Amino acid sequence: MKTKDLAKELVKLTVLEINDLSKILKDKYGIEELTVPNPQINNKKKEKKEIKKKREIFDLYLKSSGNSKLATIKLIKNITGKGLKESKDIVDSAPSLLKNNLNKTEADLLIKELETIGAIAELK
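In this note's numbering, the protein residues as written are -17 to 106.
Just so you know, the hints here were simulated from the structure itself, not pulled from any lab data. Accuracy of the hints is not assured; some may be wrong.
Stated by the list, open to error - What follows is a set of in silico ranges between Cβ atoms, one per label pair, in the way DEER data are often shown:
| # | residue 1 | residue 2 | range |
| --- | --- | --- | --- |
| 1 | L(-5) | E104 | 26 to 32 Å |
| 2 | K(-16) | G12 | 22 to 28 Å |
| 3 | L91 | L(-8) | 55 to 61 Å |
| 4 | I13 | N82 | 49 to 55 Å |
| 5 | K10 | K(-10) | 21 to 27 Å |
| 6 | L(-12) | N82 | 56 to 62 Å |
| 7 | D41 | L(-2) | 17 to 23 Å |
| 8 | Y11 | T87 | 19 to 25 Å |
| 9 | T87 | T62 | 16 to 22 Å |
To be verified - Below are the DSSO-like pairs computed for lysine-lysine, each with C-alpha atoms no more than 30 Å apart in a straight line:
| # | residue 1 | residue 2 |
| --- | --- | --- |
| 10 | K5 | K(-6) |
| 11 | K10 | K(-6) |
| 12 | K56 | K106 |
| 13 | K81 | K94 |
| 14 | K(-10) | K8 |
| 15 | K10 | K(-14) |
| 16 | K67 | K106 |
| 17 | K81 | K67 |
| 18 | K86 | K59 |
| 19 | K86 | K51 |
| 20 | K(-16) | K51 |
| 21 | K10 | K56 |
| 22 | K8 | K(-16) |
| 23 | K94 | K106 |
| 24 | K64 | K94 |
| 25 | K94 | K59 |
| 26 | K(-6) | K8 |
| 27 | K51 | K67 |
| 28 | K59 | K5 |
| 29 | K51 | K8 |
| 30 | K81 | K56 |
| 31 | K51 | K70 |
| 32 | K(-6) | K(-16) |
| 33 | K(-6) | K45 |
| 34 | K86 | K64 |
For clarity, every value in this text was computed on a predicted model and none was experimentally measured. Just so you know, even glycine gets a beta-carbon here, dropped at the ideal spot from N, CA and C.
Taking the hints into account, I'd like the entire structure generated from these sequences.
Pasting the structure below:
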């Protein structure tokens, strides 16, 4: 039987017949799964890796200064290196961007510092 003829016959199989064929191939010949390299799947895997890399960089936003606005302003001044007035403006205009292009570790550390004084921050 030629490959083309086999392909024509396989296309005609019902779901039950395909299940039976699969069982026969597994039990009698030890064939469980055939895989054929698929460039589309490989491209999707690469895209997922790129997306994951992009997610490793975050922007830190201040959502709220919490109960102690003054402590939040001082901490933001230290975090951003901006002056007192600029830091106050950031707090007053919350939600606002504090820092961008942070790795996950650095971003989490800054969030903990902000939460310690009662401020609320988030990553995007």
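Verification of the hints:
1. Distance hint check: the CB atoms of L(-5) and E104 are about 53 Å apart, inconsistent with the given range 26 to 32 Å.
2. The hinted range of 22 to 28 Å is satisfied by K(-16) and G12, whose Cβ atoms lie roughly 25 Å apart.
3. For L91 and L(-8), the hinted distance range of 55 to 61 Å is satisfied, since their beta carbons lie about 58 Å from each other.
4. As the Cβ distance of I13 to N82 is approximately 52 Å, the hint placing it in 49 to 55 Å holds.
5. At roughly 23 Å, the beta-carbon separation of K10 and K(-10) lies within the given 21 to 27 Å, and the hint holds.
6. For the pair L(-12) and N82, the beta carbons lie near 58 Å from each other, so the given range of 56 to 62 Å is met.
7. Evaluation of the 17 to 23 Å hint for D41 and L(-2) yields a failure: the beta carbon distance comes to about 54 Å.
8. Restraint check, Y11 to T87: a C-beta distance of roughly 51 Å breaks the suggested window 19 to 25 Å.
9. For T87 and T62, the Cβ-Cβ distance of about 18 Å falls inside the hinted range of 16 to 22 Å, so the restraint holds.
10. Restraint check: the Cα-Cα separation between K5 and K(-6) comes to about 18 Å, which is no more than 30 Å; the hinted pair holds.
11. About 22 Å separates the Cα atoms of K10 and K(-6), which keeps this hinted pair within 30 Å; it holds.
12. Taking the CA atoms of K56 and K106, the gap is near 23 Å; set against the 30 Å cutoff, the hint holds.
13. Between K81 and K94 the alpha-carbon distance is near 15 Å, which keeps this suggested pair within the 30 Å criterion.
14. Between K(-10) and K8 the CA atoms are separated by roughly 22 Å; this keeps the pair inside 30 Å, and the hint holds.
15. A hinted pair counts as satisfied when its Cα atoms are at most 30 Å apart, and K10 with K(-14) qualifies at roughly 24 Å.
16. At most 30 Å may separate the alpha-carbon atoms for a hinted pair to count; K67 and K106 meet this at roughly 25 Å.
17. Between K81 and K67, the direct Cα distance comes to roughly 17 Å. Compliance with the 30 Å bound is thereby established for this hinted pair.
18. At most 30 Å may separate the alpha-carbon atoms for a hinted pair to count; K86 and K59 meet this at roughly 21 Å.
19. Simply put, K86 and K51 have alpha-carbon atoms about 26 Å apart, close enough for the 30 Å limit, and the pair holds.
20. A threshold of 30 Å between alpha carbons decides the hint, and for K(-16) with K51 the separation of about 79 Å lies outside it, so the pair is violated.
21. For the suggested pair K10 and K56, the alpha carbons sit about 74 Å apart, so the restraint of at most 30 Å is broken.
22. Proposed proximity of K8 and K(-16) is supported: the alpha carbons are some 23 Å apart, at most 30 Å.
23. The suggested pairing of K94 with K106 holds, with an alpha-carbon distance near 16 Å, which does not exceed 30 Å.
24. Our distance criterion of 30 Å between C-alpha atoms is met by K64 and K94, whose separation comes to about 20 Å.
25. Taking the CA atoms of K94 and K59, the gap is near 16 Å; set against the 30 Å cutoff, the hint holds.
26. Of the pairs offered as hints, the one joining K(-6) and K8 holds, with about 21 Å between alpha carbons and a cut-off of 30 Å not exceeded.
27. Proximity of K51 to K67 is assessed by CA-CA distance (about 13 Å); at most 30 Å being required, the pair is judged to hold.
28. For the hint pairing K59 with K5, the CA-to-CA distance comes to about 68 Å; that exceeds 30 Å, so the pair is violated.
29. For the proposed pair K51 and K8, the alpha carbon gap of about 68 Å is over 30 Å, so the pair is violated.
30. A hinted pair counts as satisfied when its Cα atoms are at most 30 Å apart, and K81 with K56 qualifies at roughly 15 Å.
31. Taken as a hint, the K51 and K70 pair is honoured in the structure, with Cα atoms around 9 Å apart against an allowance of 30 Å.
32. The straight-line distance between the Cα atoms of K(-6) and K(-16) is roughly 16 Å, inside the 30 Å bound, and the hint therefore holds.
33. As the CA atoms of K(-6) and K45 are separated by approximately 60 Å, the hinted pair breaks the 30 Å bound.
34. Restraint check for K86 and K64: the C-alpha separation of about 22 Å stays at or below 30 Å, so the hint holds.
Hint check: violations occur at hints 1, 7, 8, 20, 21, 28, 29, 33; the rest are consistent with the structure.
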